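K.L.:
Chain by chain, the residues:
Protein chains: 2
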Amino acid sequence: METMTAIIRRYQHQRVTLVEAGATRHQSIFSGLKALAGDHPHSKLPTPTVVIIHDAVRPFVEEDVLVRVVTAAKDHGAAGAIRPLVSTVISPSTDGYLEQSLDRAKHRASEMPQAFLFDVIYRAYCQCSDHDMEFGTECLHLALKYCHTKAKLVEGPPDLWKVTYRRDLYAMESIIKDKISQQICVVMDTEEEAGCLGFLQGLLQKELEVKGTSVALCPNGQGLQNVSLGECYNFVCINTMNADFHQTVKLLDGLGSRAPSLFYPVTVVSVHFLDSQNVLFSERMKALMEMKDFAKEVKNRNVFLYGVLIYFTQDNLQQLQENVRQGASIITSLIKDRSAGLTGQLLIA
Amino acid sequence: METMTAIIRRYQHQRVTLVEAGATRHQSIFSGLKALAGDHPHSKLPTPTVVIIHDAVRPFVEEDVLVRVVTAAKDHGAAGAIRPLVSTVISPSTDGYLEQSLDRAKHRASEMPQAFLFDVIYRAYCQCSDHDMEFGTECLHLALKYCHTKAKLVEGPPDLWKVTYRRDLYAMESIIKDKISQQICVVMDTEEEAGCLGFLQGLLQKELEVKGTSVALCPNGQGLQNVSLGECYNFVCINTMNADFHQTVKLLDGLGSRAPSLFYPVTVVSVHFLDSQNVLFSERMKALMEMKDFAKEVKNRNVFLYGVLIYFTQDNLQQLQENVRQGASIITSLIKDRSAGLTGQLLIA
Chain B
28 METMTAIIRR YQHQRVTLVE AGATRHQSIF SGLKALAGDH PHSKLPTPTV
78 VIIHDAVRPF VEEDVLVRVV TAAKDHGAAG AIRPLVSTVI SPSTDGYLEQ
128 SLDRAKHRAS EMPQAFLFDV IYRAYCQCSD HDMEFGTECL HLALKYCHTK
178 AKLVEGPPDL WKVTYRRDLY AMESIIKDKI SQQICVVMDT EEEAGCLGFL
228 QGLLQKELEV KGTSVALCPN GQGLQNVSLG ECYNFVCINT MNADFHQTVK
278 LLDGLGSRAP SLFYPVTVVS VHFLDSQNVL FSERMKALME MKDFAKEVKN
328 RNVFLYGVLI YFTQDNLQQL QENVRQGASI ITSLIKDRSA GLTGQLLIA
Chain U
28 METMTAIIRR YQHQRVTLVE AGATRHQSIF SGLKALAGDH PHSKLPTPTV
78 VIIHDAVRPF VEEDVLVRVV TAAKDHGAAG AIRPLVSTVI SPSTDGYLEQ
128 SLDRAKHRAS EMPQAFLFDV IYRAYCQCSD HDMEFGTECL HLALKYCHTK
178 AKLVEGPPDL WKVTYRRDLY AMESIIKDKI SQQICVVMDT EEEAGCLGFL
228 QGLLQKELEV KGTSVALCPN GQGLQNVSLG ECYNFVCINT MNADFHQTVK
278 LLDGLGSRAP SLFYPVTVVS VHFLDSQNVL FSERMKALME MKDFAKEVKN
328 RNVFLYGVLI YFTQDNLQQL QENVRQGASI ITSLIKDRSA GLTGQLLIA
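Here the protein sequences line up with chains B and U, keeping their order. Numbered by my numbering, the letters in the first sequence go through residues 28 to 376 in order. Numbered by my numbering, the letters in the second sequence go through residues 28 to 376 in order.
Mixed in with the good hints, there may be bad ones.
Identical chains blur together in the list; that is why a pair holds if it fits in one copy or across any two.
Said to hold, decoys possible - In the BS3-like style, the derived pairs of lysine-lysine whose C-alpha atoms are separated by at most 27 Å in a straight line are:
{"no.": "1", "residue 1": "K363", "residue 2": "K71"}
{"no.": "2", "residue 1": "K233", "residue 2": "K323"}
{"no.": "3", "residue 1": "K172", "residue 2": "K61"}
{"no.": "4", "residue 1": "K277", "residue 2": "K326"}
{"no.": "5", "residue 1": "K61", "residue 2": "K323"}
{"no.": "6", "residue 1": "K71", "residue 2": "K204"}
{"no.": "7", "residue 1": "K101", "residue 2": "K177"}
{"no.": "8", "residue 1": "K177", "residue 2": "K323"}
{"no.": "9", "residue 1": "K133", "residue 2": "K277"}
{"no.": "10", "residue 1": "K71", "residue 2": "K277"}
{"no.": "11", "residue 1": "K326", "residue 2": "K71"}
{"no.": "12", "residue 1": "K189", "residue 2": "K363"}
{"no.": "13", "residue 1": "K101", "residue 2": "K206"}
{"no.": "14", "residue 1": "K277", "residue 2": "K101"}
{"no.": "15", "residue 1": "K177", "residue 2": "K133"}
{"no.": "16", "residue 1": "K326", "residue 2": "K363"}
Derived by calculation from the structure, the hints in this document are not laboratory data. Keep in mind the model is a prediction, meaning the values are calculated, not measured.
Take the sequences, apply the hints, and build the full model.
P.N.:
Right, dumping it as structure tokens:
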């Protein structure tokens with residue numbers, strides 16, 4: 028209860044009431060239903076027409092499927108998401124031999140979310156046997172058995188799967204990384220746009236877009252407020268020729284109070300175009316040290332900062348294009364991997 | 028057939044015979060069985076006592092479970108791997124309502140591998156109806172239906188799951204990366220061991236081991252042959268103070284003809300300890316350029332090369348330890364992520 032209370036406070040949820048769980052799935056669900064029936068000791072909750080039951084281990088539930096089960100529940104009393112079976116289901120004998128094999132085409136996996144007319148599912152739980160309460164796993168079954176309500180079955184998307192094994196955690200992490208890598212916001216200084224730098228910016232933007240991500244432009248950080256409020260987790264910040272961080276610092280300040288970084292790390296790539304002639308090593312090291320210090324500081328706010336240096340010589344256009352292409356490839360790698368261990372690094376294209 | 032022939036040639040498999048597949052699962056399996064019954068036009072294969080049937084979409088099958096199903100098949104005529112059900116299985120009516128919900132505790136998912144006495148499964152397929160051949164999904168069912176052989180069910184590990192959706196590909200990739208990141212081989216120059224560098228090497232080794240990976244030492248590349256022949260996909264190569272690549276080049280040459288890189292990319296991290304005083308930028312850039320060129324070259328052999336520079340000043344022990352710690356953290360990030368886009372980069376601790 029403490030952990031959940033802390034989570035609710037942290038993410039500022041307003042419409043959540045916690046109810047203590049039971050020892051089994053059905054006992055826990057019944058506790059929730061009782062609270063909605065007006066049985067909760069601390070708060071008087073209104074009793075809903077339709078109630079949704081969902082598993083926390085199915086984190087990728089979209090509004091669309093919720094709407095479909097709720098609508099179906101309203102019409103038919105009960106509804107649940109289903110998926111095709113991936114493996115054949117069999118029933119074993121008590122001594123471990125094949126007893127019967129079920130026709131895969133005639134069966135489905137019952138998934139969540141499920142929705143019920145409150146009255147139906149509450150009556151079902153009130154009549155539920157001790158055996159059902161202890162060993163049962165299926166709410167649709169209770170509605171059928173105790174209220175003779177045949178649930179309407181709704182085809183759900185594959186992402187509704189139940190995160191069960193270690194491999195499911197891996198899959199979940201990759202799905203999230205995939206999802207938050209689709210949009211990149213490029214912030215740049217337009218004062219330089221007329222010259223060579225403008226050309227480089229254009230080139231870089233084109234390379235990033237080719238990789239299948241949507242790229243939004245924020246000249247001088249304008250429009251950043253709109254992007255920030257959205258779902259963008261990736262910022263590429265182009266700084267001027269000298270190795271300063273002016274634009275990046277401004278961006279990091281702007282990101283300071285953003286909500287998204289609460290959920291997932293926000294990636295900021297500070298890009299520096301540098302003339303490869305006559306740059307001293309000491310200067311380069313100083314820039315790197317600043318980058319590392321910055322990176323350490325913003326990591327506390329769940330922002331991962333990386334640097335990318337794109338070298339160019341004014342007289343070699345082909346080399347420059349190749350370097351920009353490499354820079355884009357490095358940037359997309361950084362955004363895709365979101366490696367905590369590589370924050371503060373200055374990579375060179 | 029061409030693709031499979033190319034794969035067999037590439038990985039030098041000696042005991043594989045290809046048989047053309049059918050339009051359905053059962054037709055394909057029957058083709059394979061016919062070939063083993065001596066029906067194959069090109070080669071006369073010996074008919075086995077026991078035959079194993081497996082899905083290519085379950086790549087993580089271990090010898091242990093194969094032995095168990097084969098042994099059980101020898102004793103009982105048929106055997107197959109099973110797993111507990113993750114979701115409840117239901118049967119829908121034709122108009123999409125819940126008809127019946129199965130008791131999850133009394134059912135299992137039937138997985139692969141399965142094994143059979145050749146005689147049992149071949150007879151079953153010979154008698155198989157057209158309907159079974161077209162719509163059936165379960166070999167154990169055929170052995171039961173046509174030969175009255177009740178398969179022995181063997182509990183399989185979770186990694187036997189069927190790679191079906193995009194998320195399963197993600198999971199698969201992470202499982203492989205996890206598996207090949209467990210062992211790191213550190214190659215170093217022992218001539219320097221007496222001095223400060225020896226101390227640094229020891230420190231680095233300790234840091235890497237802490238991360239839960241096993242670390243093998245190869246002074247001067249000795250014993251590398253043993254490691255190479257094993258399952259090691261990660262090499263950390265420590266070079267001497269000046270920024271040359273002597274040790275790394277020797278290692279890369281040694282890896283030239285290794286088999287593992289055929290399957291998965293081999294990671295080589297070239298570590299350079301560098302005194303932070305008086306190193307010129309131009310020298311640094313030269314080293315980086317060499318690293319990039321090397322990386323490009325060895326990438327063709329499926330070797331990912333990265334550089335890590337660990338700075339130290341002789342008089343600041345605390346700073347040095349911190350930098351070595353950071354170096355270890357960067358190295359483990361590189362090995363864990365195996366990013367193709369970051370090869371050739373020189374990262375700085």
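K.L.:
Give a verdict on every hint.
P.N.:
Here is how each hint holds up against the structure:
With identical chains, the CA atoms of K363 and K71 are never at most 27 Å apart, being 46 Å at best within one copy and 51 Å at best between copies. Proximity of K233 to K323 under the C-alpha cut-off of 27 Å is restricted to the inter-copy arrangement: shortest distance 24 Å between copies versus 31 Å within a copy. For a Cα distance limit of 27 Å, the shortest separation of K172 from K61 inside one copy, 20 Å, qualifies, whereas the shortest one across copies, 49 Å, does not. In this homomeric assembly, K277 and K326 come within 27 Å of each other (Cα to Cα) only inside a single copy, at 16 Å, whereas the closest approach across copies is 38 Å.
Proximity of K61 and K323 under a CA criterion of 27 Å is satisfied in neither setting, with 48 Å inside one chain copy and 65 Å between copies. With identical chains, the CA atoms of K71 and K204 are never at most 27 Å apart, being 40 Å at best within one copy and 51 Å at best between copies. In this assembly of identical chains, the alpha carbons of K101 and K177 lie at most 27 Å apart only when taken from the same copy (13 Å versus 46 Å across copies). With identical chains, the CA atoms of K177 and K323 are never at most 27 Å apart, being 57 Å at best within one copy and 63 Å at best between copies.
Neither within a single protomer nor between protomers do K133 and K277 lie at most 27 Å apart by alpha-carbon distance, with minima of 60 Å and 61 Å respectively. Within a single copy, K71 and K277 get their C-alpha atoms no closer than 48 Å, and across copies no closer than 75 Å, so neither meets the 27 Å cut-off. Within a single copy, K326 and K71 get their C-alpha atoms no closer than 42 Å, and across copies no closer than 65 Å, so neither meets the 27 Å cut-off. Proximity of K189 and K363 under a CA criterion of 27 Å is satisfied in both settings, with 24 Å inside one chain copy and 26 Å between copies.
Taking the shortest alpha-carbon separations for K101 and K206, neither the intra-copy value of 32 Å nor the inter-copy value of 49 Å comes in at or below 27 Å. Taking the shortest alpha-carbon separations for K277 and K101, neither the intra-copy value of 51 Å nor the inter-copy value of 72 Å comes in at or below 27 Å. For a Cα distance limit of 27 Å, the shortest separation of K177 from K133 qualifies both inside one copy, at 17 Å, and across copies, at 22 Å. When the C-alpha separation of K326 and K363 is checked against a cutoff of 27 Å, the pair qualifies both within a copy, at 17 Å, and between copies, at 20 Å.
Of the numbered hints listed earlier, those contradicted by the structure are 1, 5, 6, 8, 9, 10, 11, 13, 14.
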